[in-house]
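Peer 1: Sequence:
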Amino acid sequence: SVAIPKKGNLERHFKTVHKSYETDFPAKTPLRSRKVRELKSELAAQQSVFTRPNTKGKAATTASYRVSHVLAKHKKSFKDGEVVKEAFIEAADALFGEFKNKTEIVTAIKDMQLSRNTVTRRCEGMAEDVESQLKKDIDACDCFSLQFDESTDVVDVAQLCVFIRMVFEDMRAKEELLTILPLKGHTR
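Take the sequence shown: its letter number 23 is residue 23 in the working numbering, and every next letter is one higher.
It is worth saying that the hints were derived from the structure and are not from the lab.
All figures in this text were calculated on a predicted structure; none of them were measured in a lab.
Glycine is no exception: its CB is placed at the ideal position from the N, C-alpha and C atoms.
Heads up, simulated DMTMM-like pairs for lysine to aspartate or glutamate below, C-alpha to C-alpha not over 20 Å straight-line:
1) Lys35 with Asp24
2) Lys100 with Glu90
3) Lys102 with Glu86
What follows is a set of in silico ranges between Cβ atoms, one per label pair, in the way DEER data are often shown:
4) Lys184 with Val70: 30 to 36 Å
5) Asp111 with Ala72: 20 to 26 Å
6) Thr62 with Asn117: 14 to 20 Å
7) Phe25 with Lys110: 45 to 51 Å
8) Ser145 with Lys110: 45 to 51 Å
9) Thr62 with Ile89: 16 to 22 Å
10) Asp111 with Phe25: 41 to 47 Å
11) Val167 with Glu131: 16 to 22 Å
12) Glu82 with Pro182: 29 to 35 Å
13) Lys73 with Asp111: 22 to 28 Å
14) Phe25 with Lys136: 53 to 59 Å
15) Ile89 with Arg121: 20 to 26 Å
Start from the sequences, fold in the hints, and give me the full structure.
Peer 2: Take a look at the structure:
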């Protein structure tokens with residue numbers, strides 16, 4: 001097949017295209033060892049060009065998720081992600097002004113996606129992940145109990161908080177907030 005080169009094909013290619021290699025770099029000599037090391041390092045450098053952007057993209061996505069988590073945790077508006085990004089860029093200019101890789105740092109910050117829509121999608125994705133983890137835990141537990149607690153929110157709307165306590169086969173227990181349900185009517 002084309003994808004898997006056969007030994008004969010490789011030998012023919014080597015002898016026709018690289019015929020001087022055998023005489024210039026004889027087998028089992030330090031000269032050949034050095035040349036092989038050079039070729040391997042060149043190959044690694046070429047391959048790193050293709051993998052590095054992928055790593056940077058993953059880092060930018062991870063940073064975007066972390067900033068989105070902080071915004072959600074502190075109940076901030078999703079559009080504040082753009083303000084955070086602007087603040088990061090200004091801080092990077094001041095903090096890393098003398099660093100050799102300042103432009104690389106600022107570029108990495110600029111690559112971070114923190115628009116309102118992106119932060120919204122990130123928070124929704126994290127919420128879906130937490131929900132799926134909770135469903136897996138409920139399916140995996142041997143037994144569970146529910147606890148109900150009524151409270152009011154800031155505008156006096158009654159809410160029912162439902163907590164679940166799960167016990168697993170290894171006798172490990174875990175408690176989670178299952179849901180919050182608004183009750184009809186207001187408290188006075």
